[in-house]
Amino acid sequence: MTAMQETFVRSEMLGPSAPPISERGAVKWARSNLFSSPLNTILTLLGITALFLLLQGLLPWLLNGVWNANSLAECRAIVAANAGEGATGACWAMIRERWHQFLFGFYPSAEYWRPVLAFALLFAALAPVLYAGIRRNILMMLGAVTVCLLAALIGLGTTAPHLIQATVLMAVLIAVAVWQPKKLILFTLLYPAIAFFLLWGGSVWSPVVAMLGFGVLALVYRFLVGRLGVVVATGLGFVAACLWWMFAQTPLAAEINAVLPLGLTPIDSDQFGGFLLAFVIGVTAISASLPIGILLALGRQSDMFLIKTLSVGFIEFIRGVPLITMLFTASLLLQYFLPPNTNFDLILRVIILVTLFASAYIAEVIRGGLAALPRGQYEAADGLGLDYWQAQRLIIMPQALKIAIPGIVSSFIGLFKDTTLVAFVGLLDPLKGVTQVVRADINWKGIYWEPYIFVGLIFFIICFGMSRYSMYLERKLKTDHR
Amino acid sequence: MAEAALDTSKMKISDEVAISIVAMNKWYGTFHVLRDIDMTVNRGERIVICGPSGSGKSTLIRCINRLEEHQAGQIVVDGTELTSDLKNIDKVRSEVGMVFQHFNLFPHLTILENCTLAPIWVRKIPKREAEETAMHFLRKVKIPEQANKYPGQLSGGQQQRVAIARSLCMKPRIMLFDEPTSALDPEMIKEVLDTMIELAQEGMTMICVTHEMGFAQAVANRVIFMDQGQIVEQNEPKEFFNNPKSDRTKLFLSQILGH
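Chains A and B, in that order, are what the protein sequence lines are.
For the first sequence, the positions run 1245 to 1726 when this note's numbering is used.
For the second sequence, the positions run 387 to 645 when this note's numbering is used.
Please note that the accuracy of each hint is not assured.
[Stated by the list, open to error] One side of the interface only, derived from the structure: several residues of chain A facing chain B at Cβ under 10 Å:
no., residue
1, Trp-1336
2, Asp-1631
3, Ile-1639
4, Pro-1642
5, Ile-1686
6, Asn-1687
7, Thr-1723
To be clear, the hints were calculated from the coordinates, so they are not data collected in a lab.
Note that CB positions come from ideal geometry on N, CA and C, so glycine has one too.
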């Protein structure tokens, strides 16, 4: 008992001090990441060797690249002359000569301003969706789009009237974004009709009358929703809109066009190709499959037997069938089921089936998000007296979609790349279709790497962009502070 | 407990019936969870329900706003009978506030938005007005300064107080509490109980499933003891704790008070 310790009371707390040099900066990083153990050191050295060999092979090919030539043979002659016999070099001259086919297919070159304008407006339409409520970001996006659009149009040698029209249009959109940012979503809703008109041309009245069909839907819905509830009113509104499109659409559009003919040169679907085609299919399918997927996911969780069975059946059937089968269905089988002599555009048919295909996958991804939500969220929403649709819209979906963002964006990226499969039904996709056309040219026969690298690079930029956006969105929506 | 400070001036029990449950039975599949429940709650009553786990006490109060469906018998809340009619269910739910064990705040909305959501969408109250009401109740539960934070940034006790404020924003006539303090650290239990006591002092009709016997003694005018899906004993708190009648109740009380 005599060895009792002295009592100790700390009179002053210690402040933090800097870590030793081996725990800081580059030394620490290299130690912990590259040379943390003998095995890691060996792997690091092997990795560096592999990288060196790769660059040794690749760099001369890239550096010897030729941009000015008229044929592959000429390219090779230039490389041989510059770098000596037996040297390799890329032949980018092919891209310089044929880039427009990779982008537009056989779209008439005098009308290039139309897809370019449609592409620019796509971002204007997306801005309020991507950056909901953040006016600064929307304005920055619109500004950048305007600059790029004008540069592209001037570069393409667009005539002055079209240039002025495009400028005025973008100026109006920016003005709306400055003073009435909420109204910009109206442009988003109108965008499908605008893009359709710009890309396919023809009478302006067809898309206008088609949009009126949605007006009919809204009118019927508003008239009935108080009496019959959300689901029935929407259903009847949809039926009314379908009747409008089936019976009123064609005669009414023709009628108005006879009185006031207004329109653009019609372009046939056969002339679409390259990234224009990939975007038309990809963007439409992506934006349509999300709402359909949400409804399917909700249907799958429904208590109502019929709705549940139909949703499960649809999802499982679609997921069980390869996309190529669906595309063949679009190009061949659908013709048999439609009335004789109906000319139902091939691109439209492909879009519909790709959309259905994607929505089945999206539905399952969203179901994963729904399953991750605690039951208490449903109970709290119910307990406060919110009805089913309010609870879904305000409580359940915002959270489920947030959880499902990585999966949804993965699906979208996959879908966008899958648009190249339309090559199998004779459409001119950028990867196989256009490349084949280019390589069929006697001047470029035998070129392999360059077109694929070019197309691959564009796909990469787009898909990487989507992926980065999804990460931005996840950060922005992170409110749980776990 | 806050017995000494309890202001009973507004705690009046009227003759008006707020909730009446008659011969109510409920099954989960073939399991008979609630058996022949008969219970009447008058306006202004403060009832504590206790009992061992699995005795059906949570299920009982969840039946009162139809988070659970009963299969036989009758439940009438504020003159509205609970049937499968969705309109009636929504009406009852908007009149009856519910506070959960795990708070169930909406993590994607701020505290203020949590509180204004239902008034705006269910009661159709203008946003400005709903926000004023929400701030009023947030001040009442003593966390107005947290209004623009997200639930994940608050402590458990604060979250539960927000959950109470969220329910109060709907101006309910009845409040149900489903083990509101069971998921909280001991030091946070008091702040939530204080809020509930304050609510009781204002004459709110309350049914509370809880194991806080101090709260029951201080605030309740009736304690109901449940076991195996049945009401075993109910009495005023003093009698219930000092002089329990049934053996089951005695055993239960000795177990929860005996340490």
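Right, here's what the structure says about each hint:
no., hint, in the structure
1, Trp-1336, "violated (48 Å)"
2, Asp-1631, "holds (6 Å)"
3, Ile-1639, "holds (6 Å)"
4, Pro-1642, "holds (5 Å)"
5, Ile-1686, "violated (61 Å)"
6, Asn-1687, "violated (58 Å)"
7, Thr-1723, "holds (4 Å)"
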